[in-house]
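Chemist: Letter by letter, the chains look like this.
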Amino acid sequence: MTTSAEAVEGLGKLEELQRRSHPVRAVVALIVGLITLIFAIGLSISFGAADISLGTVWTAVFHFSPDLTAHQIIRDIRLPRVLGAALVGGCFAVAGAIMQGMTRNPLADSGLLGLNSGAAFMLAVCFAFFPGLPYMFLILWSFVGAGLGVVIVYGIGSIAKGGLTPMRLVLAGAAVSALLGALGEGIALYYRIGQDLAFWYAGGVSGTKWYHLQILSPWILVAMIGALILSRSITLLSLGEEIAIGLGQRTGVIKVWGMIVVLILAGAAVSVVGAVGFVGLIIPHITRYIVGHDYRWIISCSLVYGALLVVLADLFARTINPPYEVPIGAIIAFIGVPFFLYLARKGGKEL
Amino acid sequence: MTVLEIEHVAIGYSSTLIVDDLSVAIPKGQISTIIGPNGCGKSTLLKAVARVLRTQDGAVYLDGKAIHQLKTKEVAKRMAILPQTATAPGGLTVFELVSYGRFPHQTGFGTLRKEDYEYIHWAIDVTGLREFSDRPIEALSGGQRQRVWIAMALAQGTDILILDEPTTYLDLAHQLDILLLLQKLNKEEGRTIVMVLHDLNHASRFSQFMIAMRDGQLVVNGNPDEVMTKENLQKVFNIDATMALCPYSNNPICLSYQLYENAE
Amino acid sequence: MNNNSFLTASQQKARKKNFFILSILVVFIVITFVISMNTGVIKLTPMEVIRTLFGFGDAQQQLILYEFRLPRIIIAVLVGMGLATSGAILQGISKNALADPGILGINAGAGLAVMLFISFFPATTAAPVYLLPVLAFVGAGLTAIVIYTLSYKRHEGITPMRLLLTGIAVAAGISSAMIVLTLRLSPENYQFVATWLAGSIWGSNWKFVLSLLPWLLILFPFVYAKSRVLNILNLGDLTAVGLGASIEKERRWLLAASVGLAGASVSVSGGIGFVGLIAPHLARQLVGAKHQFLLPASALVGGLLVLLADTIGRSILEPSEIPAGIVVAVLGAPYFLYLLARVKE
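Chains as they are written, first to last, in the numbering used here: chain D, 6 to 356; chain L, 14 to 277; chain P, 13 to 357.
Check each hint, because a few of them may be wrong.
Said to hold, decoys possible - EDC-like mimics (lysine to aspartate or glutamate), calculated; alpha carbons at most 16 Å apart, straight line: (1) L:K86 - P:D249; (2) L:K86 - P:E260; (3) L:K41 - L:E18; (4) L:K86 - P:E262; (5) P:K28 - L:D147; (6) L:K86 - L:D70; (7) D:K214 - D:D56.
To be verified - A few chain D positions that, by computed beta-carbon distances, are all more than 12 Å from chain P: (8) T41; (9) G60; (10) L84.
Said to hold, decoys possible - Stretch by stretch, here's where chain P covers chain L in the computed footprint (C-beta under 8 Å, at least three residues): (11) 34-44; (12) 95-103; (13) 112-120.
In case anyone wonders, no lab produced these hints; they're calculated from the structure. Ideal Cβ placement from N, Cα and C applies to all residues, glycine included.
Construct all of the structure, not just a fragment, from the sequences and the given hints.
Modeler: Written out as structure tokens, the structure reads:
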């Protein structure tokens, strides 16, 4: 009796939700976003210490000739960097969207799962105890640290009586982040490596090489597909746990898969560029503002706009004060903060 | 006699007006019920009366004085409000929440005085919550929780009670329970009660004054005999109602109904 | 106390239990106080400490206790109380369990001010070090004003959600400005700023006690007088208005008090933000949701936590120190997680 009544109520909410989502706007936003992204990538490749025309970019990508220096610069330095930026942005944004949907908390992002602080902690350990570790291993260990953070948060949340509620997840995440963050900070202070770490983070996507992309992209691809498969269930979860169950969702399973997807996406991104948490926080808000509350659209648009934001941020980071680079996190905040403030003012209820 | 005078009010969020130029007088010492379809502005009107929403135009008068010019604490001594969805912070007991109803009567650090305790205990008794008074609110059932919130509003000790759908989520017996309680408060103590109800028959059975709204405007108001007619129900809800008389109150009720062919 | 006759036996028991918990917390603070007095490079026995406190110690003991340890201990307790109360207020008015002074950008604002100061006047030129807390306070206050102004909307005033979102955005902006500044600092200056940001009771001096104390003396009574209002605000805007609270005005005052407490605390302690988050949660587990008990319990838990953290931080790696902020997180987070796992919602 009650379950069917709940299901009916749930369906009612779902219908209301569908009325509030805007598929047409979403498709337009997606197409516009993709075109802008491709253009931004091209622009970003052409800008730099050696100016290269957009035409050259085109030929370098589609008719590569190894004899031309410009083509080599594009292929070996700029292209991997820009693609890395796009990948990282997309990952953070999608992970943030999933987190917000699953926890029903507009302040949630992947950092709340203990990902950022876990990665930062492990990086501090590596810098302090194994100085001179190659880049590849640093990334690997950051990822392990991110995983550690998630496992602690998720584990504590799950062993609790009454199971893993969104509120408990958020609180556990905050506590674990504080704990791992403090340990990392302590190590950094004691071994005086804080500034080295800051330089590492400030480096952003500059050091991205083809083989990083080769290693990361299959994982990210699988996780992205997973995110899109989960997106419908996340829409239901965002309506509330009971309604999702009433509509026949196995919420426990979905949450576990959601966490795994978030871990892969955000873990990969964090280990490459460090905690650029703001992307995961604002992009889902912006997309939700444009496309409504259907997570199928929110997630796909977050992917595109997250990538766009980080590509542009990287472009600015390189071109504002050449030959020096401004930390990419600062640029993202510089773009993101005013926009976020505007949204917080305008659409208080939407958030 | 009028206790609350709503004059030409327009209420809305920023650009869209939800209630537009509505005037109605709430009689003193009676139960008044606002009815109308979803989204017609019932709750919005109630919130404006409760001064939670500011009116864009017009004003609400309490005993002839514009309500937003009175001190909010003074208004709270006259008028208690039960919102539609109220949530209590975790760990609060029934007694504690009900005791919050004494807020407008307290000053300074607000230790409860003898009079406060009398009101609180009366409110707990009259709502039948005596045995639960030390339980945490989250351990109660939906019907019990609703009664706790009503008890809090009662403890406020006001002669006007404003309730937004006090019977939602309750079963048939519990709905009646609440309404009979409100009726008793009205009859025995002469309290003015203003509420929004979804159940037309309950509205007709328990109230002396009804206000029917549609699209943010007043359609008709008056006693149940005047408001609960086939024609009015068509105007307000677009339904084809078969009317009958309530065996308990002798007021008209809607026995059953059908949608009109041209219904939206 | 004849009012108690109106309470049932179990209500009286609950009241007594809460008073008992508060006194236990005070006892714990006193014990930690004595232990902390004994902690340091120069060892003093508990007897010596007590003798010196009553004025029977030799000159060296007097110097150590009165000029070094006592002010530091007092500051630790005060800072903990201030931050915890600030957090309890913010959680009360925003109804968001994650609200703490850090989320309002207060830590970030103070940190930025300190960092700017250090980039222009390196820590090696020791002269204007007394300006630091003033600057930190100004930084915190300015940030709070900016956040408040940005989240204020005519006709609607301030909604807690908009305030939190704005706070997060502004804090993120400030943090990124700090990243840029970090890269320009010399290693020594960086170390100083990093230690400051990690939260350490570095201003162990009576002057800092005096700069902090007035704030707490004024704001604590004010906030306690508002405990009923906080109780009501916790029920949601609609109910609060119905009960006759002028929510907009009350919120503004409480917010200002919260900023004042956090700003004054952060200015002498650096970023011990976590206290503001967990102390109110722990207190709620102990004494329940009524602010009459919750506020003092939060303050005591916070004071105890920071004092304990500072004592441990001073003694564990002698002679070098671990910032109290780090110890607070390492101590507090596991206990917080334990509570989270044990207690039902």
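Chemist: Next step is simple, just say for each hint if it's right about the structure.
Modeler: Verification of the hints:
Taking the CA atoms of K86 (chain L) and D249 (chain P), the gap is near 15 Å; set against the 16 Å cutoff, the hint holds. Distance restraint check for K86 (chain L) and E260 (chain P): the Cα-Cα separation of roughly 14 Å lies within the 16 Å cut-off, and the hinted pair is therefore satisfied. With a C-alpha separation of about 10 Å, the suggested pair K41 (chain L) and E18 (chain L) falls inside the 16 Å cut-off, and the hint holds. Distance hint between K86 (chain L) and E262 (chain P) is fulfilled; the C-alpha atoms sit about 13 Å from each other, no more than 16 Å.
Only pairs whose Cα atoms come within 16 Å are accepted, and K28 (chain P) paired with D147 (chain L) is accepted, the gap being roughly 15 Å. In summary, the hint linking K86 (chain L) to D70 (chain L) is not supported, as the alpha carbons are separated by about 23 Å, beyond the 16 Å threshold. Distance check on the hinted pair: K214 (chain D) and D56 (chain D) sit about 21 Å apart at the alpha-carbon level, beyond 16 Å; violated. Once the 12 Å rule is applied to beta carbons, T41 (chain D) is consistent with being away from chain P; the minimum gap is 23 Å.
Listed as a non-interface residue, G60 (chain D) keeps its Cβ farther than 12 Å from every Cβ of chain P; the least gap is roughly 35 Å. Every C-beta of chain P lies more than 12 Å from that of L84 (chain D), the closest at about 27 Å, which supports listing it as non-interface. With a cut-off of 8 Å between beta carbons, the region 34-44 of chain L has 0 residues touching chain P; three or more are needed, and the interface restraint is violated. Note: the region 95-103 of chain L has 7 residues with beta-carbon separation from chain P under 8 Å; the three-residue rule is met and the coverage holds.
A stretch counts as covered by a chain when three or more of its residues have a beta carbon under 8 Å from one of that chain; for the region 112-120 of chain L and chain P the count is 5, and the coverage holds.
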